[in-house]
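Please put together the full structure from these sequences, using the hints given.
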Amino acid sequence: MSATPAVVASELTRRFGSFVAVDRVSFQVAAGEIFGFLGSNGAGKTTTIRMLCGLLAPSRGFASVLGLDVARDARALRHRIGYMSQRFSLYSDLTVAENLAFWGAAYGLSGARLEQRIAWALAAAELEDRHRTLVGALPAGFHQRLALVAALLHEPSVVFLDEPTSGVDPDMRRRFWDLIDTLAAAGTTVFVTTHYLDEAERCHRVALMHAGRLLALDTVAALKGKFAAGTVLEIHCEQPARALGVLERVEGVMDAALFGETLHLVLDHPGRGEQVLAHLQGAGFTSVRATPTAATLEEAVIHTIKSLGPREAGALAPGAAPWGEVGP
Amino acid sequence: MSALLALVKKELLQLKRDPKLVPLLVLAPVFQLVILGYAATTDITQVELAVCDLDRTPASRRLLDTFTASRSFRLVRSLDSLDEAEALLARGRARLVLTIPAGFGARVAQGSAGTVQVLADGADAASGGIGLAYAVAALQHFSAGQGTRTAVELRPRVLYNPELLSRHYMVPGVLALILMVMTMMLTAMALVKEREVGTMEQLLVTPFAPAQILAGKLIPTTLVAGVQILTALPVALLWFRVPMHGSFLALAVLTVPFLLCTLGLGLLVSTLSRTQQQAMMLSALVFMLPQIYLSGFIFPIQNMPAVFQAVTYLVPLRYYVTILRGVFLKGVGLSVLWRQGATLLLMAVAILTVALLRFRRRLG
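Chains as they are written, first to last, in the numbering used here: chain A, 1 to 328; chain B, 329 to 692.
Hints listed in this document are in silico derivations from the structure and should not be mistaken for laboratory results. Heads up, some of the hints might be wrong.
Taking CB as the label site, the calculated pair distances span [claimed, not checked]:
#1 B/Gln606 x A/Pro170: 34 to 40 Å
#2 A/Arg15 x B/Thr603: 41 to 47 Å
#3 A/His236 x B/Thr603: 37 to 43 Å
#4 A/Pro170 x B/Leu551: 43 to 49 Å
#5 B/Ala367 x A/Arg15: 55 to 61 Å
#6 A/Trp120 x B/Pro347: 30 to 36 Å
#7 A/Asp69 x B/Val584: 37 to 43 Å
#8 B/Ala678 x A/Asp181: 51 to 57 Å
#9 A/Ala186 x B/Ala537: 28 to 34 Å
25 Å max Cα-Cα, derived DMTMM-like pairs, lysine to aspartate or glutamate [unchecked claim]:
#10 A/Lys224 x A/Glu298
#11 B/Lys337 x A/Glu155
#12 B/Lys348 x A/Asp93
#13 B/Lys344 x A/Asp93
Beta carbons: idealized from backbone N, C-alpha and C, even for Gly.
So this is what it looks like as structure tokens:
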């Protein structure tokens, strides 16, 4: 990783009327890093990305990409960044090759260089034998990869991917992420938003956004390791679904969720363990066994949101994942 | 420049991919010409006439002959009493009822003026009014034949369109409509579509300048409109035999500012709509129909109330209709029509400025 960060955000803020979509967000992304932006819908991820791409002016604060101020040098920046928006952004009524030729020309590529890059893109998206297919007629799984390689034709140093895999099946998602790994290995900085936790696990570092604020920023391992030993318990008992209902109302239980045949509990401190077991036995559960376990990223995320994001706390029922879809 | 070329090429490719759109774009103008050239004629012939002759003298028969001899009237009924007249008009069987009172022949024979009554159907104001005018002409003709002296003798001569064929002034107007509908609607829809499907955002992160993106939309629409005019013009000139007394160069030069206005309006509509449907409704209902009504294309401006007459000065189509009729029928050029051209140019600058500002603001 080089010394100058690829992306810098400092107290970055965006208001829409009285609504604060992004609230004093600060972070740095190193060159070559896969930087994950994690958060539910409406957390402010897209607004942040749009500011970083120069599509939206910040209300306050400052952001730079590759050393260029996003508010003032947006034009100069465009040759050096790639952007894949949340919505499918290719022309359905043009063929794969025509789309690539158009977007390449949009970045000033022509002649042999354009042909060479189109050939690369077709290979990377595994679409060589479909280059004459209308994009609208492609199987959905190819759309995302085609949109990604289209955003990479001009070999940008930084790519911004906004929820690139939403609605894509697991196999296609895995292949998409293989492509991202290859890019990062070659030195491209990847800034990606997602609400899939398994995708977040593949990022070098993860920033957790909630209600416009940046709640946490760290490696996945560090986020999971934030819990004190003994605060995450795996509970074996009969009728786990009924037990869940009991445990959700016990004081000191930050989070309780079904995990197959077992329950996962996150406690506010390790000393609560005994108390919880006693409570279950008091409710008529006989064969209860508790073992300390490692937190999943989901638990880490939910715990962080609950402890640091009180503004929205009421909206998060214990045990309910704040994400629309949770990866396998 | 090559970037702009890529945009134009892309737009034309997309157009080609829509198999229904291309024939529609080429045939629609011809279709409109045919409809307005034939059906939307305001020429009225064969006004249905009923006659109630209570006089029954040679003089009254001569008067009737004068009416029926002209192609303007078609005798549908002869009535014995005036009582039937109103029912006939009410049911629309006749537009005009001519009543010749008893004693008409005697008065004419004495050399004094005879009196007749003409009832006209005012529900259909156009044919009623025109029928009345024809009746006056027929009566004048009759008087002249009687040697009854009139103080003033009228010898009308109509200039530019001697047969007063409405086709001759409708057809050039249709050319204006084609230009307006196509450039405005296509521009608005094309821009809104990009935003609707999400490609606009992708375009905006490329090094394209907003002005290039806009030009990339405006140039193809202008090309399409050009092709349409080139298809419609031969139909107008060769089939409908609309006279072209002026120069094509003057026509082309004076068309540019009008095109800038309609393209600007299309752009403006695109900044006001979120969906293609909205863009279509907005351009049709708010920008196109009122322009058509207030342009003098169908309804004469001098007949409108003063307030509406004032409003027509804000309607670009008004000036272009004047330009088209001027060039086609009167054969005048820039020396006469420069005022209309300059007005359109000013309007174009104003419209495009507002539209561009709104377009820019919607990006941020």
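- Task: Compare the structure with the hints numbered earlier in the document and write down the numbers of the violated ones, lowest to highest.
- Result: 2, 3
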